[in-house]
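Student: The primary structure of each chain is shown beneath.
Protein chains: 2
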Amino acid sequence: MNKLYVVGIGPGEYEQMTIKAAETLKNCDTIIGYTVYVDLVKEHFPGKEFLTTPMTKEVDRCVMAFDEAMKGKTVAMICSGDAGVYGMTGLIYEIGERYPDVEVEVVTGVTAAIGGAGVLGAPLIHDFAVISLSDLLTPWEKIEKRLLNAAEADFCTVLYNPSSKKRKDYLQKACDLTMQYKSPETVCGIVANIGREGETVKVMTLKELRDTQVDMFTTVFIGNSQTKRIGDKMVTPRGYRNV
Amino acid sequence: MNKLYVVGIGPGEYEQMTIKAAETLKNCDTIIGYTVYVDLVKEHFPGKEFLTTPMTKEVDRCVMAFDEAMKGKTVAMICSGDAGVYGMTGLIYEIGERYPDVEVEVVTGVTAAIGGAGVLGAPLIHDFAVISLSDLLTPWEKIEKRLLNAAEADFCTVLYNPSSKKRKDYLQKACDLTMQYKSPETVCGIVANIGREGETVKVMTLKELRDTQVDMFTTVFIGNSQTKRIGDKMVTPRGYRNV
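Protein chains in written order, with the numbering used here: chain A, 14 to 256; chain B, 14 to 256.
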């Protein structure tokens, strides 16, 4: 059987990969991914064939992965974080319908929400929502609705893709919507380049977050009504009753 | 400096632990956790001191961890999945205020939402909410509000702690609330014992989920309006426009 693994490599640091992910990459013939992620793992897996496509060419990348697998190679498609959270696993299963002879296996990883939470302290101890601010494939009205509903229900909220060159004011918009239900003093945090060179972390209020510039490598955390600062950490308690 | 690591061991299978988690456990003196999780890792880390407390004794377990660290031992507190999602990290930081001489470090892991998604296919490719159905520390009205808001905004929803002896009908209630906004035909999935002996997985409709009995080792996934079945997998597309 031709085999295609979809592998989440974690936030970026080799040690944050699962043992299974490292073994899968060690045992495969070909590693395929977006250029930036292939560069992150390259040095740890010498002797492999590496194939890349640019960021917007996700469909091409999946077809390439299946075509390589059809040649009899064991192929690993890599994603940062986990491949099942805004990653390639969905597209792989969709395109896989055309390749019944290739068996797909998912190897999970630590997504940015989890990796970033570990750097910030413990923001996600209680119920949370994960929302991408990218409106490339989702109408902005849908994103707006989710931001409002998450805020109204007092979820902790994690924002992926909080900014890009074309969407400079989206985080500001998201904070303004959130403040319709949450206090401007709500404890928030941002983490950039988790587990990579240049890792930065900052805890602040929602009001301060509104006026903060972030880039596409940043993950944003908005606390719930119980979230607090303990020292330089962002901590959400386990529940709403005293422990 | 006295050192306390809070380590997420992943869904259960040794290979799904991160490299960093395995190295941390290998290099520590004492491993502390809930009995079930200590039993899962014991064989892989011979020669360590293992300390356990029952499930409800979380505060005692944290105090024990700090007390052991104060003796000069390197201590690892373990949780299943990730320690930052309904895990011990929050409590560790709260109790840690009383132990300024102990340095806390978080080692992240694959939480059940991520691990279960990998088994089901790709249910969490788009925005999602994570909700625990346990009302031990959270008023049920708050849980209800979150279920309704998540359904209204068309989030994929992951349910932790979907059932226990005392809460036999909570999943049924959750499904009924969700059906106020989502179609009874919404694609759903359940995974039990992820990466452990007895792993089971099933894809079904929301209507069928309503009448399914699950236990506390099960994680439940409710799709969004776009989620579909591909073969025996549960797959959510990347967005709301055609790719």
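Honestly, I wouldn't trust all of these hints.
A pair counts as met if it fits within one copy or between any two copies, since identical chains are not told apart.
As the list claims (entries may be wrong) - 25 Å max Cα-Cα, derived BS3-like pairs, lysine-lysine: (1) Lys70 - Lys241; (2) Lys55 - Lys220; (3) Lys215 - Lys16; (4) Lys155 - Lys241; (5) Lys181 - Lys61.
If you're looking for bench data, these hints aren't it; they were derived computationally from the structure.
Student: Indicate, hint by hint, whether the structure satisfies it.
Tutor: Hints and how they fare:
no.	hint	in the structure
1	Lys70 - Lys241	between (41 Å within a copy, 23 Å between copies)
2	Lys55 - Lys220	neither (41 Å within a copy, 46 Å between copies)
3	Lys215 - Lys16	between (42 Å within a copy, 23 Å between copies)
4	Lys155 - Lys241	between (29 Å within a copy, 19 Å between copies)
5	Lys181 - Lys61	neither (38 Å within a copy, 51 Å between copies)
Checked against the numbered hints given earlier, this structure breaks hints 2 and 5; the rest are met.
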